[in-house]
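Residue numbers (my numbering), protein chains in the order written: chain A, 1 to 222; chain B, 223 to 505; chain C, 506 to 798.
Hints in this document: simulated from the structure, not taken from any laboratory. Any given hint might turn out to be false.
Stated by the list, open to error - Pulled a few chain A residues facing chain B out of the computed Cβ check, cut under 10 Å:
no. : residue
1   : Y23
2   : A50
3   : N59
4   : Y105
5   : S115
6   : F143
7   : I145
8   : M186
9   : M192
10  : L197
11  : V202
12  : L206
13  : P222
Just so it is clear, CB atoms sit at the ideal spot from N, CA and C, and this is done for glycine as well.
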Amino acid sequence: MNPETAILWAAAVATLGVYTILYRENPISRLFEHIFVGLSAGYLIVFIWAQNLEGKWWNPMIHERKWYWVFAPIIGLLFYFIYSRRFLWLARLVMGLFFGTAAGYFFREFFPIYSPQVYACFKPLRADATIGWADVILHNWLFAIILLTVMSYFFFSIPHEGRFGRTLGRSALLGRWFLMIAFGAMFGNTVMARISLFIGRVQFLLNEWLGSFLPWFAQRGP
Amino acid sequence: MTERATGFWERFQQIPRYYIYLLLAAVVIWQILFPMPLPIAPSRATQGVYDAIAAVPDDKLILISTDWDASTQAETGPQTEALIHACLQNHKRFAIMNLQPPMGVKLANDIAERVAAEYGAEYGVDWCNWGYKYGFDNVLIAMAKNIPKTIGDDFYGDPVTDLPMMKGVQDISSIGLVIEITGLAAITEYWIGLIQGVYGTPFASAYTAVMAPGYYPFLDSDQMKGMLVGAKGAAEMEVLVHRPARATVIMNVQSWAHVLIIVLIIVGNLGYLFARTRGRQRA
Amino acid sequence: MWASLQSALQPAPTAAALVRNLILSVAGSVLLLAVLHRFLGPRGRRWLIAFVTFIGGLYLGLEYFLPVRKQILWPTGIPNPNPERAANLLTPGIEPVGIMLSVIGAFTVGLGVYSLCQVHGRNVAQRRAGWHNSLAFFLAMLAMLIFGLWAHYLPKLDTPSETKPWAESVYELLFNGLFMPLQAATFSLLAFYIASAAYRAFRIRTAEAALMMAAAFIVMIGQVPIGAWLTSALPTTGTVAFFRLEALGEWVMSWLNTPAQRGIVFGIAIGALAMSLRIWLSLERGTFFSEQG
Chain A
1 MNPETAILWA
11 AAVATLGVYT
21 ILYRENPISR
31 LFEHIFVGLS
41 AGYLIVFIWA
51 QNLEGKWWNP
61 MIHERKWYWV
71 FAPIIGLLFY
81 FIYSRRFLWL
91 ARLVMGLFFG
101 TAAGYFFREF
111 FPIYSPQVYA
121 CFKPLRADAT
131 IGWADVILHN
141 WLFAIILLTV
151 MSYFFFSIPH
161 EGRFGRTLGR
171 SALLGRWFLM
181 IAFGAMFGNT
191 VMARISLFIG
201 RVQFLLNEWL
211 GSFLPWFAQR
221 GP
Chain B
223 MTERATGFWE
233 RFQQIPRYYI
243 YLLLAAVVIW
253 QILFPMPLPI
263 APSRATQGVY
273 DAIAAVPDDK
283 LILISTDWDA
293 STQAETGPQT
303 EALIHACLQN
313 HKRFAIMNLQ
323 PPMGVKLAND
333 IAERVAAEYG
343 AEYGVDWCNW
353 GYKYGFDNVL
363 IAMAKNIPKT
373 IGDDFYGDPV
383 TDLPMMKGVQ
393 DISSIGLVIE
403 ITGLAAITEY
413 WIGLIQGVYG
423 TPFASAYTAV
433 MAPGYYPFLD
443 SDQMKGMLVG
453 AKGAAEMEVL
463 VHRPARATVI
473 MNVQSWAHVL
483 IIVLIIVGNL
493 GYLFARTRGR
503 QRA
Chain C
506 MWASLQSALQ
516 PAPTAAALVR
526 NLILSVAGSV
536 LLLAVLHRFL
546 GPRGRRWLIA
556 FVTFIGGLYL
566 GLEYFLPVRK
576 QILWPTGIPN
586 PNPERAANLL
596 TPGIEPVGIM
606 LSVIGAFTVG
616 LGVYSLCQVH
626 GRNVAQRRAG
636 WHNSLAFFLA
646 MLAMLIFGLW
656 AHYLPKLDTP
666 SETKPWAESV
676 YELLFNGLFM
686 PLQAATFSLL
696 AFYIASAAYR
706 AFRIRTAEAA
716 LMMAAAFIVM
726 IGQVPIGAWL
736 TSALPTTGTV
746 AFFRLEALGE
756 WVMSWLNTPA
766 QRGIVFGIAI
776 GALAMSLRIW
786 LSLERGTFFS
796 EQG
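Bound conformation, chain A alone:
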């Protein structure tokens, strides 16, 4: 058996093995589950070493004699004190560094990400030479109304009582309806995504695996 055929058969057995869980929980699917986790762990270590640590840490430290790279594992290995009650605080020390930098990154990213989002809210609400009334109403007015009502839905600081509060409450209700429409759109997309994954696997089983020994199936492929 040549390597390509072995790969096809192994992949088909693995796929069908996983699908046995659709009938019910069983030893075959459990076994494949564990094999997957094992392969995943092994692969992660290989790629962390081969494409990160070797080129960016080991080679500079050993071959370029940049001795200060020794501090990277010293700091990185502090994470492993998470398993020790006595030295746990050292793990928290290095975690604190990463939490702090994560916060720092968010401060940097805040304006580049969100200020264009704010600018883009300001759309023309009157027709002119470049945009007709139909587009203004069906797009820009609608956009403004949905944005404001949805934001009012998330505004919890004022109780929905009194004149202003009741108006806010009505706006929040409308916002909830618009959110439902957005969630419906998300649901539609989710269905599309999930079905795609299954179609991808069936394409493999029919066109590639069965097609490897029954040419008729291969001919039905793209």
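Start from chain A and add chains B and C according to the hints.
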């Protein structure tokens, strides 16, 4: 009579799950074996990605961040393939990289090797693979200042500085377009917050259909030049590059699977509505 | 400051100097940690963690917000080493800090693997129910580790037509024959579950549910080719074109979904900013933060 009728409508709501599974499998298998091809027209979002690729100056690279793995391969795999076709057809040099999960870098490399061979494109000259680089924002912020040092070795373990196409590539100004292909939320925010929003590097994306709705605001604000939405976006890109392939088949099959799901929802609701009406009448 | 730091961090001139520096650095670091552990009480440790957290965030935030100059580094007046790019005093540190943090982070790879090995090692050692699955976990991990690294160190083939070394074939088998299809198949199960869930749970009980369903139907049909085919009789331009299913689906996504999502985005932005501030200033409370000492 009422009892029997109520039972009938209740049964509408209680189709065993195995039947639903089998129906779905049957529809998918039927459409793969006996396809009914339907036309696919590119959307504005997909056209935006294609135009962004075509607009990249010849002296700059396209950076394709393939942050996906087998869990989303049916969508992101064809997206990657179609995008590589678009790059090579437009004679643009591109680099692949991966921030997470590491499986994506090998899957994307296999695709790139196959597609590049079709065009006679050479590794290191027309395209390269920077490999999996751990560290998300740490990688991006350093890469913006110094690409060779941040990347270190390529996918095959050789220093990226040895690759002919990397001559003169110093920092983010050497990149003419970043395309993010992913099924993971939040990576886009890193690209926009640390690269696109700061250095003005054009950015486009290809997402799984699940996460795409959440990123339409970034398309509207022009922070993204375009967006491929799941297998639909991939199929539309296949149309633009005149290479109908996997995604085109997926979308045709998808049509009938969606019809099935809509029918199932309607059947379930009919059962629910009639059973409720009968229940009220009985009460 | 950067110049003096750079001169202190020069590469070792000889291999012997490298070994000496490495040993001294490790010994010094261990000594420093031991001293900190011995002499810092819970309060001191908490303060140190808070300080490190603060400095981490401060550096990255300040580098971005401080004014930049092309010729001199603000605010010291030191010349900018790269006058083509505007910079401030902290900018030269960004690249080494980014690379250093990504390398430090890469060392965490063993954390999850260690946990997995602990759990499965116990299963195998104590012959618990399903221990053979745990054994399969170890075998799979070791196989991928060995053949993955082996394939990595094999010389690259000059032409694709050359026969691959057997170690690389085994690696390909593990990757393309098991790892990839197992993950793809596992996630494709979601198609069955979503079909079943849609049928069982998607009920029009309220007006909101009806709206959600209407949007879902339009998107589900509008996004696939059959939607375009169903309304292909309608013109592609003019007012009626709006009612073509693909146009309607696109309109729902772009003009109903987008503003609602932007409202959510704004909420997330403000929430994340507040959360980042709390973490940065060590004001956050919870399992990790309350027990920092």
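Against the structure, the hints come out as follows:
1. At about 8 Å, the closest approach between the beta carbon of Y23/A and any beta carbon in chain B falls short of 10 Å, and the interface hint on this residue holds.
2. Annotation: interface hint on A50/A holds; nearest CB of chain B at approximately 6 Å, less than 10 Å.
3. The interface hint given for N59/A is met, as the beta carbon of that residue sits about 8 Å from the closest beta carbon of chain B, less than 10 Å.
4. Hint on Y105/A holds. Least Cβ distance to chain B is approximately 5 Å, under the 10 Å limit.
5. With a least beta-carbon distance of about 8 Å to chain B, the hint placing S115/A at the interface is held under the 10 Å criterion.
6. Because the closest C-beta pair between F143/A and chain B is about 8 Å apart, less than 10 Å, the hint holds.
7. At about 15 Å, the closest approach between the beta carbon of I145/A and any beta carbon in chain B exceeds 10 Å, and the interface hint on this residue is violated.
8. Given the 10 Å rule on beta carbons, the hint for M186/A holds: about 5 Å separates it from the nearest Cβ of chain B.
9. Restraint check, M192/A versus chain B: the minimum CB separation of about 4 Å is within 10 Å; hint holds.
10. The interface hint given for L197/A is met, as the beta carbon of that residue sits about 5 Å from the closest beta carbon of chain B, less than 10 Å.
11. Interface restraint check: V202/A against chain B, minimum CB-CB distance 5 Å, threshold 10 Å, status holds.
12. Annotation: interface hint on L206/A holds; nearest CB of chain B at approximately 6 Å, less than 10 Å.
13. With 10 Å as the threshold, the beta carbon of P222/A comes within range of chain B, its nearest partner Cβ sitting at about 5 Å, so the hint holds.
Of the hints listed earlier, the one the structure fails to meet is number 7.
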